[in-house]
Structure formats: C-alpha cells, structure tokens
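Protein chains in written order, with our numbering: chain Y, 2 to 380; chain V, -6 to 120.
Because the hints were derived from the structure by calculation, they are not lab data.
No false leads were mixed into what you were given.
Straight-line distance between alpha carbons at most 25 Å, and here's what the computed DMTMM-like set of lysine to aspartate or glutamate pairs gives:
(1) Y:Lys47 to Y:Asp205
(2) Y:Lys358 to V:Asp60
(3) V:Lys76 to V:Asp14
(4) Y:Lys361 to Y:Asp33
(5) V:Lys39 to Y:Asp292
(6) V:Lys34 to Y:Asp32
(7) V:Lys96 to Y:Glu349
(8) V:Lys39 to Y:Asp33
(9) V:Lys34 to V:Glu75
(10) V:Lys77 to V:Asp102
(11) V:Lys77 to Y:Asp294
(12) V:Lys96 to Y:Asp32
(13) Y:Lys378 to Y:Asp205
(14) V:Lys76 to Y:Glu276
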Amino acid sequence: MIRAVVLLAAVVALLQPPPAAAADGALTWTDDERALILSHGPWPPKIAPDPSNRVSGDDDAIAFGRALFESATLSRDRNASCATCHNPGLAFSDGLKRGVAIAEVDRNTPSLFNMRLNRWYGWGGKSDSLWAQSIPPFLDQRELALPPERLRDRIAADAELAAGYRRTFGREVADVAPEAAMVDVAKALAAFQETLVSPRTAFDDFRDALAANDSDGMAAYPAAAQRGLKMFIGRGQCVFCHFGPNFTNGEFGNIGLGHFMSPGRVDKGRYGGIELLRENPFNLLGDYNDDPDRTTAGFTRLVRQSQKTWGEFRVPSLRNVAHTAPYMHDGSLATLEDVVHHYSEIDENRLHQDGEKILKRLDLTDREVADMVTFLKTL
Amino acid sequence: MLLATALPAFAQGCPEDTLGDGATRINKDGQTIAYRTLPAKIPVGKPFAVEVIACIDGKPPTGIRMDAGMPMHGHGMNYTPEKKDMGPGHARFDGLVFHMPGKWMFTFDLYDGTERKRTMQAIRVRP
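So here's chain V without its partners, still in its complex pose (with noise of 0.2 Å):
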C-alpha cells in the first residue's frame, strides 16, 4: 500500500506527498528527502525502522544510505541499520536503536553515481 502510493509520486520527479501526514520533508542543494520513523515516536532503547524516499534534481539517486549518531557524545549507534530497497529512491531502514535520551543526528547518504551527497537531520528522543 505504502508503495502503491509512493511511486506516483516519483514519477512526477520528486517525494512531494509521500509517507504521508507523518512524513519529515527535507529540501536542500537539489536534493529532496522524506522521511518517516516506524513507530512515529522514536522509543530509547527499542528498535524502530526509517522509510526514506529522496531525489537529486528530480530524479531517484542511484543510491541512499543511512545511518545515525550523538555528536554532543562522540558515538553512533551500537547497531548497524538493515537496508532493505523498496523502489528507485525508497529505502527502508531496521533496526536502528536509539540508545540513550538526548539529540541525535539522522545521516542520509544520497549518491548520484559515485558522488555522495550528505544531508544531517537533528532528533530530540525524549523518553
């Protein structure tokens, strides 16, 4: 279902109303990500997964990676996200864990080709 309604969109060029109400959009240097957290309150300490859905100039990039960190604390995550792909640009993400309260930093790895384009996303996990 999620699918069904995300492809139109890309066929348009770019995720404008993907992901739905829930859905964090991010328009930066050309390149447009949303994104969704699985539950939508990210809980400390649990498991939780991420759908992204990106675009560079209006087209899918050939690749999307993510992962996630505490920069006031010097550390990522203890665990390594399972990427699963579900479309030109739409990826999903498990198993990203939360460890600890406070800010966090999403990364997401867009590239076009072999040229990597990063975007940061800051994350207030309270408990």
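Next comes chain Y alone, as it looks inside the complex (with noise of 0.2 Å):
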C-alpha cells in the first residue's frame, strides 16, 4: 500500500511542470531568487562624487580629463595615449590577451566603464582610488613612460592642454611640482573615467519589468536568458562574487587560473596588490588625499594581507562583458563559452587551499552553457 502511494506520487510528480516552470512555459521566481534579481539594479546607479579627489564631477576637470585621455602628447614617443588601451570603440578596453602600448604589459586590459563604483583598482587591487590608478602607466616603461617632470613639461608646452589645467586647478602647471602635477593630472583623468557608465541593458528591463510585476516585459527577457539567470543566482553560485548593480562584490578571488605571467615570473595577484597598496605614496592614507577626514580610507587601513590573498585577482564586473573579450586577468579564455566552460569544469586541485570551497565542477550540459552565455550577453 505505502509502495503503491509513493508510485502514485511520483506519477503526480511527473506529471507537473518543472518547479521553476509556469504553466505557459514562463519561468517563476522564489522570493529570494527576486531579491536577489532586484539586488542587480537600479540602473543606472547615482554616481557622487570621490571625496578623495577635489575636482570629480567638476565639469572643467571632465573635459581636461577627456583631452588628457585621448592626448599622445603625453606618451614618451608621442604614439599612444589612454584610449591607444582603452579605447572607446571596444567598451573601453583593447581586445588584445595583454595591453599594449610601448610593449606588453603582464596582464589584460580592463574596461573602463562604470569604474566609479569600485573600491579597488587594477588586477590585484594595487590603487584605493580612479585617480591613484591613473599614475601608474605615466611610471611604466611598457605604457606611457613619461615621468612627472617630462609629462608636466608637456603639459605646459601644449597651449590647449596648459589651458585646461588652468581652467581646472586655477594655477600655471608650470608653477607646480612635478609630483603634483602628475597628481593633478591623474584627478582630471579620473574626473573623466568617472563619467563613462555603460548603458542600460535588456537585463535592466527584465529587472524592472520583475519589481514592478510586469509580466508583459518580462516575457520580452529570453527564455534561455532567464534560464541562464536562475543558474547565474541558484546553482552556478556566481552571484556570491558578482553581486549587486555592478555585478562584482568589488573584491578578490582565485579561480584556479595560471600563476604565471612569463616563464618563471609569479603574479601575486592580490596578495602583491596588498603590498604595492600600502608602500604607494598616492594612496588615500598619504597626503594627496584631497579629503581632510579621509572619509574613504577605512579600507585601505583595515585591508587584510593573508596566504589566501596569494593568487587572488579582482572579480570584474559583468556589465558589457559580451564586449571585453578575451577574459581573467592574464586574458586567457578567449570568448565567454571558455569562461562559462572553465567554471563548469574547474579544476579544484588548481585551487588554493585557503580559497573559495563553494567553487566546485557544475558539469553543465550544452544547452546550460548556451543559457548561461545567453544571459551574460545581456549584461
């Protein structure tokens, strides 16, 4: 008799559609799958303006800044400049596996969109601010190469670029020191960078079609989008990492990707961002922090340093990811497929043992890596 119930029950059970399914095919959303979806958005987020830098949101800063980004002028040989990296034509990156300016550099180029609502800046979160971010490749013999002294010196000898400094900061560029020249310049780029937010997306839609139970705009979401979603927040755990409107916690992970950046040559990763952090004399707890009561500055002081921060790089966000191929760190998965296959498949022996334990294989079937790209492509 029990035998007989329980059969009769699994024939009910099967005769229902699956629990995610409605009736007419549509998915539904648990309670907690909603506020997790709702916890993506609003987009586009209120941008305030950096505390730490004393000319963000200033709109002569923007456009000094935007003339500085695009400016060869200053690049050692007056071939390259930020967009020759970021350009604006590939969301702000390069397509390339590693940047390239005067010669490659050891990792791959981020975009540079929506950088306003990061805590961390670079790779192995080397800089605690956009303008901290922006000195290093004037120092670096692989990107700009120009000194503070030469790059002052530029800027003073270019009519234009003088007169947006001027415009700016009020004083001659000629009158300031080098460093704080370089300073300067590097809070009018991020003036500028702070601008760049990507636009809305069909994400956005389903998110607001969800809030506000507009069903009519949510069925205008791809089924294998929303497929791909329900596995981005329940199985797949990616949201755990790539959280809010953003899509990134901001944070660090390790992933079980390669160490290297060349034969014999170790990344750090996070745990080498940590160090170059706080022996940096453009970090927010240093004297070019425009904000008296260093009100941002709480992070970089209680930052953790551990062997767990070994290997670790910053969890990107996902927005426009369908446009800044190929993907990690070290650019080393081509195309999406390769970053859903790679999570789908990792190797948790690659993993470090102080890591992330809830990356395990998912072992996904085509038509869930299908979905799963689907939906990031709508990022």
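Using the hints, put the two standalone chains together into the complex.
So this is what it looks like as structure tokens:
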C-alpha cells in the first residue's frame, strides 16, 4: 500500500511542470530569487563625487580629463594615449590578451566602464582610488613612460592642455612641482573616467519589469537568458562574487587560473597588490588625498593580507561583458563560452587550499552553457 | 548616551537590558553577550560596526575580540575590524565588511585572564 502511494506520488510529480516553470512555460521566481535579481539594479546608478578628488564631478576637470585621455602628447614617443589601450570602440578595453602601448604588459586591459563604483583598482587592487590608478601608466616603461617632470613640461608646452589645466586647477602647471602636477593630471583623468557609465541593457529592463510585476516586460527577456539567470543566482553560485548593480562584490577571488606572468615570473595577485598599495605614496592614507577626514580610507587602513590572497584577482564587473573579450586577468580565455566552461569544469586541485570552497565542478550540459552565455550577453 | 545606558547594567553584573531592543543576547556557559550591528540591517559589501557588551560569570571579561567568516566558503573577512574600548566589557568594532550575501558567522572571544572562551553566532545576510 505504501509502495503504491509512493508510486502514485511519483507519477503525479512527473505530470507536474518543473518547479521553476509556470504552466505557460515562463520561468517563475521564488522570493529569494526575486530579491537577488532586484539587488542587481537599478541601473544606471547614482554616481557621487569622489571626496578624495577635489575636481571629481567638475565640468572643467571632465573636459580636461577627456583631452588628456585622448592626447598622444602624454607618452614618451608621442604615439600612445590612454585611449590606445582603453579604446572607446571596444568598451574602453583593447581586445588583446594583454595590453600593449610601448610594450606588452603583464595583464589584460580592463574596461573603464563603471569605474567609479569600484573600491579597488587594478587586477591585484594596488590602487584605492581611480585617480591613484591613473598614475602608474605614466610611470610604467611599457605604457606611457613619461615621468612626472616630463609629463608636466609636455602639458605646459601644449597650449590647449595648459589652458585645460589652468581652468581646472586655477594655476599654471609650470608653477607646480612635477609630482603634484602628475597627481592633478591623474585626478582630471579620473574625473573624466567617472563619467563612463555603461548603458542600460536587456537585463535591466527585465529586472525593472520583475520589480513592477510587469509580466509582458518580463516575457520580453529571452527564455534562455532567464534560464541562465536562474543558474547564475542558483546552482552556479556566481552571485556570491558577481553581486549588486555592477555585478561584482568589488573584492578578489582565486578561480584556478595560471600563476605565471611569464616563465619564472609569478603573479602574486591580491597579495602583491596589497604590498604595492601599502607602499604607494598616492594611496588614500597619503598626503594627496583631498579629503581631510579620510572618509574613504578605511578599507586601505584595515585591508587584511593573508596567504589566501595569493593568486586572487579582482572580481570584474560583468556589465558589457560581451564586448570585453578576452577574459580573466591574463586574458587566457578567449570567449564567454570558454569562461563558462572554465567554471563548469573547474579543476579543484588548482584552487588555493585557503580559497573559496564553493567553487565546484558544475558539469553543465551544452544547453546550460548556452543559456549562461545568452544571459551574460544581456548584461 | 549609549555608554551612559550601558554602564549601569554592568554595575549589576551583566548586560541584561543594554544596547536597546535591537540587540541580540547570547547566554552560554556562564558568558553573557549582548551585541548590536550598526546599521541594524547588515549591508552586503559595505562597512558596518558591531557594539558588544559582555560578561563572564557576572563580571566584565578582561578582553573582547571579534571576527567573522563564512564557514561554508572557507574564508573570513577581507578586512580586520578596528576595536574601540568603551568601558569594562564594552567594545565597538568598526570596519567589518561582509563581501558576499549568505551565511556568515560572528566569533566572539571573551578573555578571563589568559583563558579564552569562544562563542559563535550565525548571521544570514540577504541583499
């Protein structure tokens, strides 16, 4: 009798639609799933000025920063600019495995969209502000290779850039000490980059329709994308790191990628990033922070360096991800399909023993991989 | 103001009515811990503070430490909280950051001289 009841229950269960699907085939969402999805918006976000940068949000600084960004004058051989690697036509990245200005650098060029939302900058988080992150390319011999004094003199010799500096900072660049002038330039560059916000997407429309219980609006979002989204916030567990309106928690993770920048050269990732951060004279604890109260410096003061941070890299935003191939800090994965396969078939033996324990093989089916990719392309 | 309301309770021995209605109280093996988070709802990915009042067998501990982690994930926080002593058995920890949603665990260490007594408290953080 008990066996018959169990069998009947099993038959009835088989006749029911899958729990995540409504009778009409549209996916349904639990309260927890809804809350997670809604937490990825609204978009665009409100962008507040950076208190550590006195020209953040200033129109003159934004215009000056744009001119600096595009100016090849600010490179050693006058043949490269910020836009060389951060190409506006490629979501402000470069489409290369690793960036190349004067010579190839060690890591992939990140997109500059939505930078103001970051807490840390660089794949290892060596900078704690957007303006501080705008300084290293001038100092790196493989990038713009223009030390502070030459940078200042190049701007002073260029009538348009000199005027932009004067309008923004109210003084002549030639009268400013080289290092201070370089920091000013970085702050104007940051003011411009803060304005680079990626446009709304199909996901944002779906998210807002879900918030409004607008079934027609929700139905406009492809079913494959919805299935991918369900995987993203569910079994895939992607949401633990790719969380919030910018699809990143702003922190770092080890996902089992290679540890070498080149043969014999280990990339320490976040561990090395914290070392560089602490010795960086341009960090938020230093004299160039324009905020006397150091209101945003707490993370820098309290950041914890541990063995776990070896080989961790910044969790990137997934917004615009379809336009920023190749992927990962080393550009080692060419396509979004490769990225999904990496997680689906992750080699747990490559993960740091102190690392994130929820990274497990997913063994996704071909359709599940395709669903995830479809979802990612809507971001 | 908070300090003023907290100290009389310690005069009586343990934090019975301190920290207001939003406080969580734990009684375990002679330890009494009352804590509250600031803000009350822990925001994911943003700093928050924890204020703690504690005693062991009716007396303030000689020291209080706290930390947090995600046992299922095998990691702790990426930041070390900054402790501010506010009186006997009373401390505030600033700069905690839960960088993921999910199940976290607070760890409270109360010291009685060199002896440490540890109490864990599960917290589920939702977006």
